[in-house]
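Visitor: Using the sequences provided together with the hints, build the complete structure.
Protein sequences appear in the order of chains A and B. The end of the first sequence is residue 369 by our numbering, with every number in the run present. The end of the second sequence is residue 214 by our numbering, with every number in the run present.
It should be emphasised that the hints constitute simulated quantities derived from the structure, not laboratory data. Built from N, CA and C at the ideal position, the CB exists for glycine as well. A couple of the hints might just be wrong.
Stated by the list, open to error - Listed next, the in silico DSS-like pairs over lysine-lysine satisfying Cα-Cα at most 27 Å (straight line):
1) A:Lys87 to B:Lys101
2) A:Lys83 to B:Lys101
3) B:Lys101 to A:Lys94
4) B:Lys182 to A:Lys347
5) A:Lys217 to B:Lys148
As the list claims (entries may be wrong) - Rough simulated footprint, nothing fancy, chain A against chain B, three-plus residues with beta-carbon under 8 Å:
6) 68 to 75
7) 83 to 97
8) 102 to 111
9) 123 to 133
10) 137 to 147
11) 179 to 186
12) 196 to 203
To be verified - With the Cβ distance kept under 10 Å, some of the chain B side facing chain A (calculated, not the full set):
13) Ser120
14) Gly152
15) Gly158
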Amino acid sequence: MDLSNPYIQAALQFLAIFITFNVVLMIVAYTVLAERRILGFIQGRLGPNRVGPGGVLQPFADLLKFIFKEEIVPDKSTRFVYFLAPLIAVTAAMMTLIVYPFGPRVTLPYFGQVELVIARFDIALLYVLAVTSIGVYGIALAGWASNSKYSLMGGLRSSAQMISYELSLGLSLVGVILMSGTLDLYEIVEQQSGWYGFKWNIFPQFIGFVVYLTSAIAETNRVPFDLPEAETELVAGFHTEYSALKFALFFMAEYINMFTVSVLATTLFLGGWNVPGLALLFSPGSIPFAVFSVIGFFVKVFFFLFLYIWLRGTLPRFRFDQLMSFGWKFLLPVALLNVVLTATLVWLGVL
Amino acid sequence: MFDLKAYLPILLMFIVAAGFAVSQVLISQLIGPKRRTPTKLMPYECGKDPVGSARERFSVKFYLVAMIFVLFDIELIFLVPWAVVFKRLAGPEFGLGTLMYVEMMLFIALLFVGFVYIWKKGILDWSQAARQEAEAEAEMLAGQSGERLRRAA
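Guide: Right under this line is the structure:
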């Protein structure tokens, strides 16, 4: 087999994408289960524990239920857009999977030196921002096409919220870009290696990190920013009229977006796959080094996913006017200030 | 040094993701039971018959937010390429640091003035404006119903 043949390379990439896709779907399924269990423990109950030992087969039971549910298309809806909306939401969420740098360079037998990332290109960060913001269309169109008042309100709120917080999200990343001078996620991670973890961007970019985390939670419509699906006022918001697997697609899109946000936070601020002190135990490039690095990467990502669940079990929901004034009047100026501050420090040669 | 081959995974990922999504929609079309009744197909409104269409006028605030978003998003798009090259061009090799710094700070300052303007104009105030709007609407409705009552009498 000739590894430099473009067709074989494309086939290998396709295989890698297919594997990543399935791994991420499993992570999403088990995030949902973990969320239900942890929320149960936070609220002093058990959560789902009947299907399989400790409830580990619950996601598959849920999937079967979704498949055998009746699909209802409301008679007043705009059918084509109604079907298109979940497709846009889930496709946009999944498109980011290819740029995650989940492990360091490793020398494998037969393949030679391999970078543990599916696609590496210069504009990876911009690509992630561009693709995830397409997700707004899925939600706005779903709200409009259902022709239900709750859906429309949820869709409107969601679009306003997502575009408002996208500004502070983007601005909080400019600080990291200023420091690293590249949009290539792999290179950003490599720049953070060494110094036993003190090169991680979270230290010089702490304001940026906090702004990023806050606006990312708003961007994924999670508690305490889950206004689009505020169940006490809007039933289920933009997906009130969706049932069966189309509802599951929205659900999946939300959890994949959570995963993306956690991966970006890990990559940009917490040093990606860098584990402090690992280079003392194994030589960089060896297989155990790569294995432990990938484990370190996933530990960080799961920490952020846990943070999401923890917040959901802890905080009450914002009011819509509070949400908008917090985003525009607080987060946006702070993010701008962070950009100015970082630029000044880079200009003076401190960073 | 533009290599289109590096972007091939985007296409492959799109095929996998879109294929998955379409297959899910088709599966639930094919497998799920189909027992439709007119009541079931009504838009959900907590058990009441829906009154009128959902597609009525909504607050102009949503448009305003979208317009301001576009302005500030363009600012962000200007910032990104500047941020990418800033460290390299500010270094000893090029020495353009002061020029680039002053130019971008001027740009940010101009936008910040605009931001203060929309803030003072009250575009970012949802609660106050929403209350005034609701009060005006209630007054108008009260006037209408009063008129209708008078006509009926």
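Visitor: Hint by hint, which ones does this structure get wrong, listed from lowest number up?
Guide: Violated: hint 12 alone.
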